[in-house]
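Participant: Starting from the known structure of chain A, fit chain B onto it as the hints suggest.
The residues making up each chain are set out below.
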Amino acid sequence: MPSPEQWTHPEPGEGPAAQAAQPSREQVIAGLRNTDAGGAEVTQLLTPEGERIASPQFDRYISDIDPEALRGLYRDMVLVRRADREANAMQRQGQLGIWVPLLGQEAAQVGSGRALKPQDMAFPSYREHGVAYTRGVDFKELLGIFRCTDHSGWDFKAHGFHPYTIVIGNQVLNAAGYAMGQKFEGRVGNTDGDGNPSSTDEATIVYFGDGATSQGDVHEGFVWAAVYDAPLVFFCQNNQWAISEPTERQSRLPLYQRARGYGFPGIRVDGNDVLACLAVTRWALEECRHGNGPVLIEAFTYRMDAHTTTDDPTRYRLSDELEVWKHKDPIERVRVHLARNGHADQAWFDQIQSEADAFAADLREFCFNMPEPPPERVFANVYAEPSPVLDAQRDEYLSYLAGFVEAGER
Amino acid sequence: MAAPVQSRVDSAAPTAQKLTIGKALNMGLRAAMEADDKVVILGEDVGKLGGVFRITDGLQKDFGEQRVLDTPLAESGIIGTAVGLAVRGFRPVCEIQFEGFIFPGFDQISSQLAKLHYRTQGKIKVPVVVRVPFGGGIGAVEHHSESPESLFAHIPGLKVVSCSNPTDAYWMIQQAIACDDPVLFFEPKRLYHNGQLKSEVDTSQPAGPLFASRVVRQGTDCTLVAYGPSVKVCLDAAAAAADEGRSLEVIDLRTISPLDLGPVFESVRRTGRLVAVSEASAESSVTSEIAARVQQECFYSLEAPVLRATGFDTPYPPSKLEEHFLPDLDRVLHTVDRAMGW
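Protein sequence lines correspond, in order, to chains A and B.
According to our numbering, the residues represented by the first sequence are 429 to 838, in order.
According to our numbering, the residues represented by the second sequence are 635 to 976, in order.
Isolated chain A, as found in the complex (with noise of 0.2 Å):
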């Protein structure tokens, strides 16, 4: 049986006889359902085993990927773990009033924001704390999120990383927009004597699962980036369950495919893979950077964990994908490769865990001594310019509280 990746859609005109090879969706299906290997045509630089494999196509963009900055991959993707451990944990003991686990998904996270240049802009959804984490947000600002003291407060501009997007799809469009100021502003397709994208150059990275392609938002997002060459990768996270709904309630096609009906390059990466990733988001944000925007990256992954801290996997997941998964860990795999090839030994990689461990600690105590924002914040910032309507709200709201507070009742 052809998995979909094997298959390509006919060029019009080819005729009925190349009509006639494609899949049934049946195969189409099985082809997404196989989740062991993402197919034939998934780029992978490290094997779950550890072994690097050589590509003709994306080695030069790793090239400076030497031990030591493998490490350093290493590094922020056991950090980021151990964070999102630590507030899974937390929200279970009631600190946090909801927690959405990235488990499983660290390469795909570490490996494109690590591929991003300090000019760049990435607009996430609302899974993406190891992307946020690569661009320099403190971990401590995602957890008011879930603690509900606040919507967002990190500095959107000084860390090139847009809030977090709740409605689904919603960021992908106003990703668009962004990059096409970036090319309006003269950003994009300046090179250097040698041909090479100039060092100011920008593009813009959208981060969305599997889930959104089916918004309407997402569509109009690749139209309009198509449209305008903006340059925007669109990094569709792939881990195979929007909630309970798996991807083939989404697509019959393979996600990376989709690319192809709006005129411009998908690719599928092995996203439990760290170098693919940074790898193959290098090569695309290069492309944005020259001005050949857009290009769809999918990376196929998985979500180790619930979909959130209120969701249930066993009502609709088999434990045996589970274990499947657990073999392709995109820690492990790049634990195995430094041990193997002699680039880290016991003592470092326990010096990590403690480092994590350590990280993990000051989230904790930042979590449980967050103060709570104070009434007068409820008012604050609808709009941009002073609004005397909700200033005498509040003004009526503080007097009514103080109230209590005089009456001894508060």
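If you are wondering where the hints come from, they were derived from the structure by calculation, not from laboratory data.
It is possible that part of the hints are untrue.
[As the list claims (entries may be wrong)] Simulated crosslink set (BS3-like; lysine-lysine; CA at most 25 Å straight-line):
#1 K757/B x K545/A
#2 K672/B x K585/A
#3 K757/B x K568/A
#4 K759/B x K585/A
Facilitator: Frame of chain A, contents of chain B only:
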């Protein structure tokens, strides 16, 4: 409040010209684009065609395809990319072709445009203007004659305004673009090219602040409050009433969110009666809000309950029936009679 708008077009143009609302909007947009190169216009057919109502006529020719964008045909895309452009530092002006087509963009307006400033504690400003031709009376097919402004006035974070005369059209669009908050700009489409409203526009100075209502005809017996296309109906009704010896005061609301009801309260305290007029359906509408707040503020001054002359609580009817749906001069005067006879 936005800084006073000074249009660069002033120096080149005569200080007073006779314009329709449509032409005044076109000139206002042109002036805003000349004053700030971050102003971009985007929408369906706004470029070569100049918009289906020709409000953006000639702008793409003069400012180029990167300032006046003929977009793909999708309203969420227009609003959603405008949000992204605003985050980048642009001041996008979206045109929605007809108000009945705004709903595919409602999600982006309510979820992102209205909330980004609040969500980021003021770190992100989204100075986007969404221009919406609205209202009936043009004999159109379904979805081309609606009045959905109350839906947007109900969303915190948005500002909603409507103009009713050429001078306001010229200045209010520039003030809306200069405003750092998102503004829904409702344009009375049936008045765009109305020759009766053609009037001299002083392009040398704004007629007043954007978010302020205004008494446009003084009177002593009853107050009429309206916005957009209904202002002309009220002015015509007041003129007709004057022939019968009745003095009606007319207030052009101009701003729907924030509502500036100060002049309305002041007027009602003098006249004792208020009739609110709008093409929109009555239930949960701008006129509902006016009635609620006037009874709260002017209870002891009222000689009659606040009455309303509005569209009915039905979908907009086939346009052969719209004369029955739209509050016209006679229905306004009939409602005034009821208020006076209380």
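Participant: Each hint: holds or not?
Facilitator: Results of checking the hints against the structure:
Straight-line distance between C-alpha atoms of K757/B and K545/A comes to about 22 Å, which keeps the hinted pair within the 25 Å bound. For the hint pairing K672/B with K585/A, the CA-to-CA distance comes to about 18 Å; that is within 25 Å, so the pair holds. Using a Cα cut-off of 25 Å, the hinted pair K757/B and K568/A holds, with the two alpha carbons roughly 18 Å apart. Distance check on the hinted pair: K759/B and K585/A sit about 12 Å apart at the alpha-carbon level, within 25 Å; holds.
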